[in-house]
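**Student:** Using our numbering, read the sequence shown as starting at 1 and increasing by one per residue.
Rather than coming from a laboratory, the hints here were simulated on the basis of the structure.
No experiment lies behind these values; they were computed from the predicted model shown.
Heads up, the beta-carbon is just placed ideally off N, CA and C, and yes, glycines get one too.
Worth double-checking, as some hints may not be accurate.
[What the hints assert, rightly or not] In silico SDA-like links for lysine to any residue, alpha-carbon gap of 25 angstroms or less:
(1) Lys30 to Val2
(2) Lys88 to Leu73
(3) Lys69 to Val2
[As the list claims (entries may be wrong)] Simulated restraints on C-beta separations:
(4) Lys41 to Ser133: 43 to 53 angstroms
(5) Glu5 to Met112: 26 to 36 angstroms
(6) Gly19 to Ser86: 20 to 30 angstroms
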Amino acid sequence: AVEIETHLQVRDDAHILFGFKDKKDKELFKLLLSVSGVGPKTAFQVTSYTGSDELISAVQTNDVAYFSKIPGLGKKTAMKIILELSQKLKSEFDMQKMNLSDEDKTVVDALMALGYKSQEAKQALSKISKGLSIEEKIKEALKNTATKK
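Let the hints inform the model, and build the full structure from the sequences given.
**Tutor:** Right, here's the structure in full:
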């Protein structure tokens, strides 16, 4: 069975159904709708352009160039998205951090103490085998991020 997340946008003249591959994309779509001047079509285009992790990273690093690659999105709107979403995403990810196990929180905190951004630390953690000790997870994460840079 295939499951998708949906969002129904109701207007006077139309009912539009948007589909997403996972809950994270849907939540980003809703956050984008909260940005003034961003409607459902633009929000969907932004979330559909690349993965949600790339979008979040672009907002956190103030990467206007990332948004300028999205067809139909101007620099002004890109800057508005970055400005309005940066704080919302920060609080959103602090909430997501609570869903991590205590060991994984320790790994993320250790990587952040070494200068990695929260999103980078979580991405590195997601690529690590589950049965490792905290120390082994940190070592693996550092190896993975070091080869990427």
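**Student:** Against this structure, judge whether each hint is valid.
**Tutor:** Outcome of the hint check:
Note on Lys30 and Val2: the hinted pairing holds, with a Cα-Cα distance of about 22 angstroms set against a maximum of 25 angstroms. Distance hint between Lys88 and Leu73 is fulfilled; the C-alpha atoms sit about 20 angstroms from each other, no more than 25 angstroms. For a cut-off of 25 angstroms, the pair hint linking Lys69 to Val2 is broken: about 31 angstroms separates their Cα positions. About 48 angstroms separates the C-beta atoms of Lys41 and Ser133, a value consistent with the hinted range of 43 to 53 angstroms.
Taken as a hint, the range 26 to 36 angstroms holds for the pair Glu5 and Met112, whose Cβ atoms sit roughly 29 angstroms apart. Evaluation of the 20 to 30 angstroms hint for Gly19 and Ser86 yields a pass: the beta carbon distance comes to about 27 angstroms.
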